[in-house]
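J.: Chain residues, written in single-letter form:
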Amino acid sequence: MTEPIMRLEHLQRDFDTKRGKITAVHNVSLDIAPGSILCLVGESGSGKTTVARMAGGLLKPTSGDVVFEGHNIAGMSKDEFKAYRQAVQIIHQDPYASLNPIHTIGDTLRAPLLHHKMVSSRRAATLKVAELLELVDLDPPENFITKYPHQLSGGQRQRVSIARALTLNPRMIIADESVSMVDVSTRVSLLNTMLKLRQELGVTFLFITHDLAVVKYFGWEGNIGVMYVGELIEYGPTPQLIGRPVHPYTRALAAAIPEADPDITRGKEKLQLRSLDIPSLVNLPKGCVFHPRCTYFEEGLCDLAMPPLEHIGEGRDVACFVMVRDLKEGKDIFQPTVPERKKDKEGAAA
Amino acid sequence: MVQQQPATQPEDSTRNENAPVILSIENMSVEYKTPSGWMQAVRNVTMDIRAGDAVALIGESGSGKSTLGFALLRMLPRTARISSGTAIYRDRNGKTYDLTEIDDKTFRRMRWREFSMVFQAAQNSLNPVLKVSDTFLETGRAHGMRSRHEIRQKALKLLQMVQLDPDRVYNSFPHELSGGMRQRVSIALALLLDPQLIILDEPTTALDIITQRAIIDVVKNLRDEFDFTMIFISHDLSLAAELADRVATMYAGEVVEYCNVRETFYNPHHPYTVGLLNAVPPIAGTDFTPLTAIPGATPNLLHIPSGCAFHPRCPYATDICVQEDPPLVLLEGTRNHLVACHHHDEVTKDPEVWEKMEVTAEAQTQAIG
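As given, the protein sequences belong to chains A and B, one line each in that order.
This note's numbering numbers the first residue of the first sequence as 614 and each following residue consecutively.
This note's numbering numbers the first residue of the second sequence as 45 and each following residue consecutively.
Just so you know, these hints were derived from the structure itself, not from any lab.
All C-beta atoms in this analysis are idealised placements derived from N, C-alpha and C, irrespective of residue type, glycine included.
Among these hints, one or two may not hold up.
[What the hints assert, rightly or not] If the Cβ cut is set under 8 Å, some of the chain B residues that face chain A in the computed set are:
1. 260
2. 282
3. 283
4. 306
5. 309
6. 323
7. 328
8. 332
[As the list claims (entries may be wrong)] Stretch by stretch, here's where chain B covers chain A in the computed footprint (C-beta under 8 Å, at least three residues):
9. 798-805
10. 886-898
[Unchecked claim] With a straight-line Cα cutoff of 27 Å, these simulated BS3-like cross-link-like pairs (lysine-lysine) come out:
11. B:400 with A:809
12. B:198 with B:175
13. B:201 with A:883
So here's chain B without its partners, still in its complex pose (with noise of 0.2 Å):
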């Protein structure tokens, strides 16, 4: 099965463009307390979601993806803190919550009825000593499900849907199954109460190569049956390249491009984008395709560089990158496409560029506390 855009469409519109937006994140920070002071995991992200969307968030280690993610849905260690910032959630009747506000007890009611979450490490999430069977059933029930037959069909119906088993992998224990088959019951039970928002954490990270494929199909399916906004955080581009709408890339705890798939991947504007694209290896082609690194390391978020933070590591750098960092705009001629970048106009995907840069000693060492 070939699955195409159609011709028709601009590179740069989505099918959702005039969905409703149903989480509109504004000025979001957040920081964790560390023994060396407050420490910048997320900085004024401003990002508005629209229903139906699957957004990738994606970034390497300490980029903030996650925090993002956790900070959204009230997960974050007690060491850290919302320091500015709203979230507001729209429900499907229109209502809006500012999800960095509401008590407790109304999150709670939300929490899988409107929102859920699929954790990286499946295995955790499950309770060991619940049955697949009681986890369905105490979370259903919790939520106002109160027919036993009514979840236990709409489960039975969700396991198939992930390529399972139903009937034996509903009456096992978590530790009976395989990691990837715990990581699809995750995702059926964060169905179970047709939440309108589902949040992904590295949902394929730690599995097998087929395994991997396996979810990824999955999702695409239950995609077309269900009718869910997604966020997925992800270290993996093919993942977004497999699954996004848009693509939100994270660097240092700031979005610095958010656009269509197709424009991340094929005309992205951000150094830190194109860098991450020159790393990733193919697989398609018989030929040998050269790879650079981005020189330097992410820095150390006690410490971040001045003005744009990754001038450091940036061929385009300037003396205005030091100074200013870059706000999120509109890319000239385009609907869409946020950059957050002094010199976008300049940036190719021209690997040459990076060849020819002079690693900085304050670079290389950055990472260093």
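If we strip away everything but chain A, and leave its shape as in the complex, we get (with noise of 0.2 Å):
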């Protein structure tokens, strides 16, 4: 196996609050392999974008590492955290807050370059910008460079943040939650164009959601990882992980999420959980953090302790008592969760 571009070992991350203190994450240790993708998935309070944050080098986490290309970020000098910071760049949410308003597209392009000194003259750089924004599906570039954030739409203000983000030619990308402020249509084209990037650049993907569905395109040749209330709960290959999730948590996101086709999504199961309220991070309960809401509970068994992510064949783990002990008792834990979808009736009514 290659050395992965990024090691998280066992990182933990508190922050203090009016109150008291909450772990935001909690013991998450992931390998990503240099070219790859890899999607953290997970509702509001899992702790996915203070995993993201911890990986980009703006957060120090509480304990644990980040180890970039086999060097861990907390030992290193200025300048070697320097570099490491132009090689993962962050793209984030909000492309109307992280793009300087009163700056033209060039202007916020040429920026980084001459800065680095990656190139030598301001023509230069004009160059560089316009390739770059060809590249982000920003053509004809000229259209672009002379203008200001507020004259391009949202969609077209994250390809500029892509852009950005390229300026520095990084090896990697954390991108949190980098689509889900635009349209379905435009969501679907950013989509596309990070796709093609990673074909022509190789860059390595850190991608944050909170939309399984959109994991399932963007994600489809990487690895999902999804966490609930700080903790990683289930991890694996994409396409095994959506069609066939094991941890209770993530079938009931599977089965909750609506479905852009009437027969599918009205012929879904109805929700069952225990409790519809996610935990407050304040009191998280004892035991695993999903038994007051989970209908696998066993009592005696689920809420002494937090199970660990353990093996259960095919790259994939589990954090899951009842499901680890199901399938070492020959049980199939692998059940698809949602109908399987019919071929369209396109036509049907003509």
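From these two lone chains plus the hints, build me the complex, please.
T.: Quick look at the structure:
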């Protein structure tokens, strides 16, 4: 196996809040292979963004390590850290907030090129900017270079953010909910652009989202980590994990998602959870964090300790006492949760 | 519980096909005043809504779906005006009112009793200094419910129906509740006075998946229990697939397709509807589904393209599309599938048509003002 480009080792992050100390991320370990896609999925408060910020060097872990290309970032010299921050770029959720409104697109993209001496002259910088804009499908570049962010649509602004992330030839991009604020058709074209960049430039992606359907599309060739109130509860290759989720939380999530197909979505089973409410991070339940909501809950098993992430084959891991035990007893835990997609009924009414 | 359409029902009819029309919107246009002139947010919308129907208004940002909803309920900001059209509302006694003309007093009297609205950000629609109980009491009293006891009983029943713990929630302040809980309180409140029509604006947006599912299930149960008509505004096609009987697809201020939900998803005839469907990632199925984006961006409403507003992004566009805005017409062989496209006969769901399309500079840059 190739050496991972990034290793997250037992990451934990605590925050002090008015209502007491919370642990936003608890014991998260993940390896990211070079050129691969890792998607972190979870609802609000799951800790996925906190993991992303630690991986990007924006936030120090309370404990645990971020190891980039074999070097622990906590032990890096100033120059090494700078090189790591150049190699790992972050695309934020909100392109309205992350682009400076008083700079033109050209200025915004030229600045890092000149600052980091990636180019020798302003003229060369402009050429490079045009190249970058074409790369993110803002074509022809002349139409965009002299524009201000407010003159662009949300999708175009997000493309500029991607172009800016690419200015320093990064080896890894962390995209935090980078397509959640745009319309459906724009979202697909942004995802397609990022997939193209991965193909052409071999960039590694850490992709953060709450949307399992987006992950299925973007991360099809990669892996998914599912997070729930700070814990990584399931991990595995995208097709297997989405097709046959094992953790009761992932199953609930997959079953809950409405589908743009009336027959499938109306045929889904009603949501079965013991409680609808996500527990407060200030007062997490004892034992498995999911047990108060879980329909598979077994007293004396699930309410004692948090289950560890265990291998269940096919490169998959799950943190669930019940599922791991059932697997050992030879039961089939890989049941599809969502009805199969029927063939399109095109012209059925005609 | 598996809900399925009865097999005998033709694709193109609804259970409410013979119900009376309770809202008839005709030629409605709404514009916003901007420093660069009047911006056409809703353009000549004509549509009928029948009693008992759940109608979804879908479209991307700038499609005019929210503006249309706000215009019906007089929630437009001061910078907007209804520049043309009527919206005839028929109450349960058969009396009709033009919502664009009635005076404020009549309108206030009808609000909550005849129609109510659930807003996108429920935290903003509940008064933060009032307990949930006070909000229910105030609303009930202002509209003719005299007895405190009666209001309380009704409120507790509704809160129970939206899957909340009635006694706890009734005595809470909004900030003590989560976003999903507040949204469910708003839905319960909207039903307090048994309105005939409820308009929901993006009822599940910005909520977590499991919370979204809970809202969807709640709305389904309520519709089984109470017989209200519902218009909901959403950018999310899957919500329409879940809840709607009929779907109106909007683009650049116009309704471009209006038909039964199964027609929208299985037999769409407007290229924009097809484009949206091809762009939604499915979760079901164990295979990979390639997705195609609609080329270009939504138009700037100050410079709406000539003819059919969708033509710069449309793979079917020809000269006539540049010159003439197609009217909304009945699709041949159907009873109520309306579509506004010169080439609706040729439109298929085949994504290849889109992949072959050359993106014009016009489509790419039309969003730039």
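J.: Confirm or reject each hint.
T.: Status of the hints after comparison with the structure:
1. 260: Nearest chain A Cβ about 6 Å off; hint holds.
2. 282: holds (4 Å)
3. 283: Hint on residue 283 (chain B): holds, closest Cβ of chain A at ~6 Å, below 8 Å.
4. 306: holds (6 Å)
5. 309: holds (6 Å)
6. 323: The hint holds - residue 323 (chain B) has a Cβ within 8 Å of chain A, the shortest such distance being about 4 Å.
7. 328: Result: holds, 5 Å to nearest chain A Cβ.
8. 332: Because about 5 Å separates residue 332 (chain B) from the closest Cβ in chain A, which is inside the 8 Å limit, the hint holds.
9. 798-805: holds (count 7)
10. 886-898: holds (count 4)
11. B:400 with A:809: The hint holds at about 18 Å.
12. B:198 with B:175: holds (16 Å)
13. B:201 with A:883: holds (22 Å)
Checked against the numbered hints above, the structure violates none of them.
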